[in-house]
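Student: Line by line, the protein sequences give chains A and B. So the numbering used here is basically just the index in the first sequence, starting at one, shifted up by 171. So the numbering used here is basically just the index in the second sequence, starting at one, shifted up by 171.
There could be a bad hint or two in this list.
Copies of the same chain are indistinguishable here, so a pair counts whether it falls within one copy or spans any two.
As the list claims (entries may be wrong) - Straight line, CA to CA, 20 Å or less: simulated DMTMM-like cross-link-like pairs of lysine to aspartate or glutamate: (1) 204 - 241; (2) 266 - 324; (3) 266 - 322; (4) 211 - 351; (5) 291 - 205.
Just so you know, these hints were derived from the structure itself, not from any lab. As the structure is a prediction and not an experimental result, all values here were calculated from the model.
Protein chains: 2
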Amino acid sequence: MLCILAYRLLPYTRMDAIADMQRAIRLLRSRRKEWALGDKLCVMGFSAGGMLSANCATHADEGRPESQDEIERFASRVDAAVIGYGAMSVVSFAKPFGMPVSDPLMGENRRERYYLAPEKHVTCDTPPMFLWQTLSDDGRHSMCLAKALQDAEVPYELHIFQPGLHGLAMADGRNDLGMDLPHVAHWGELCAEWLCDLGF
Amino acid sequence: MLCILAYRLLPYTRMDAIADMQRAIRLLRSRRKEWALGDKLCVMGFSAGGMLSANCATHADEGRPESQDEIERFASRVDAAVIGYGAMSVVSFAKPFGMPVSDPLMGENRRERYYLAPEKHVTCDTPPMFLWQTLSDDGRHSMCLAKALQDAEVPYELHIFQPGLHGLAMADGRNDLGMDLPHVAHWGELCAEWLCDLGF
Numbered sequence: 172m173l174c175i176l177a178y179r180l181l182p183y184t185r186m187d188a189i190a191d192m193q194r195a196i197r198l199l200r201s202r203r204k205e206w207a208l209g210d211k212l213c214v215m216g217f218s219a220g221g222m223l224s225a226n227c228a229t230h231a232d233e234g235r236p237e238s239q240d241e242i243e244r245f246a247s248r249v250d251a252a253v254i255g256y257g258a259m260s261v262v263s264f265a266k267p268f269g270m271p272v273s274d275p276l277m278g279e280n281r282r283e284r285y286y287l288a289p290e291k292h293v294t295c296d297t298p299p300m301f302l303w304q305t306l307s308d309d310g311r312h313s314m315c316l317a318k319a320l321q322d323a324e325v326p327y328e329l330h331i332f333q334p335g336l337h338g339l340a341m342a343d344g345r346n347d348l349g350m351d352l353p354h355v356a357h358w359g360e361l362c363a364e365w366l367c368d369l370g371f
Numbered sequence: 172m173l174c175i176l177a178y179r180l181l182p183y184t185r186m187d188a189i190a191d192m193q194r195a196i197r198l199l200r201s202r203r204k205e206w207a208l209g210d211k212l213c214v215m216g217f218s219a220g221g222m223l224s225a226n227c228a229t230h231a232d233e234g235r236p237e238s239q240d241e242i243e244r245f246a247s248r249v250d251a252a253v254i255g256y257g258a259m260s261v262v263s264f265a266k267p268f269g270m271p272v273s274d275p276l277m278g279e280n281r282r283e284r285y286y287l288a289p290e291k292h293v294t295c296d297t298p299p300m301f302l303w304q305t306l307s308d309d310g311r312h313s314m315c316l317a318k319a320l321q322d323a324e325v326p327y328e329l330h331i332f333q334p335g336l337h338g339l340a341m342a343d344g345r346n347d348l349g350m351d352l353p354h355v356a357h358w359g360e361l362c363a364e365w366l367c368d369l370g371f
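Chain A on its own, in the form it takes in the complex (with noise of 0.2 Å):
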């Protein structure tokens, strides 16, 4: 089953959007049965979309059981997340001088930009994940996260196409930009595989 997740947008804060995904999740888990939903849950998103999915694949718990909230009770964890062109991090990158970090998408203070950086926060849980991006966005931003998921040995596929924009989704022309892209389309045909060598 795919769910579309509405999250919360400015005024709000990126964190905030990552406790609308987590409780979600909860929410997935906890309607399993009643939704006949499957066993494994992935979480997808694009850019802003896929830095707040690679957020939630690396800051998860197991819930908690004595919360009076049922949902609360569920794991936020995921089995699986698909990255495309998230811009990962500022804190892996240095800054051009004299320029601060004033972009509160990134985090409000050095914490919070700390605790955004996913690649800061894989660990032998984090889930397997299939990171894409095309060349028109500097390709170290995907592979500072995959040299973490590498370092801790978590499964990965990564995929960077030199042709095509930021903002490309499925590259069928049914996006933003209008771009009907087959070379870098091949990404859905590659994650599809991916999901179901992992049981999706």
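Assemble the complex: chain A is given as a structure, and chain B must be docked to it using the hints.
Tutor: The following block gives chain B in isolation, referenced to the frame of chain A:
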């Protein structure tokens, strides 16, 4: 036109193999009209051959116009390189304590090891590269070369497939492993499209 290079193996060295590929590149350039070759020349290799291709893509010259040997007057530059599961380097990664780098394939001494590490010789004149491997080989090998390409803003594609083993070639069953893995075999189509986009 597709040409197969039979390069020198042991007891010859990797430096000899590079000389063989460079000579072959010059030969093809010198016979371009006679053999009705296209404008562009791409090297492609797998494993040790991938390393060889990466070495030739990062060590090239414009030829020696004054040479008595007509072929040596031609450039050893290539216009693209396709690198399948190359173990790029022994210089970019920490060695296990107490273990010297003793494999002569990786170079006889410090200078040769450095020369044979393609990620250390990428410049703004390095040709575009298509890198692919499976996760059974450490993804950091391709990533360290891809990062060097990104640093120099040289176009590239990078595909790291989760399943599979070293040595899959086209992954269509016609390899030493006898393995037919349609997921990994996508690399061939992706590579053909990438070469086509580059004008091959």
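Student: State for each hint whether it applies.
Tutor: How the hints compare with the structure:
no.	hint	result
1	204 - 241	within (15 Å within a copy, 76 Å between copies)
2	266 - 324	between (29 Å within a copy, 18 Å between copies)
3	266 - 322	between (24 Å within a copy, 15 Å between copies)
4	211 - 351	neither (31 Å within a copy, 27 Å between copies)
5	291 - 205	neither (36 Å within a copy, 57 Å between copies)
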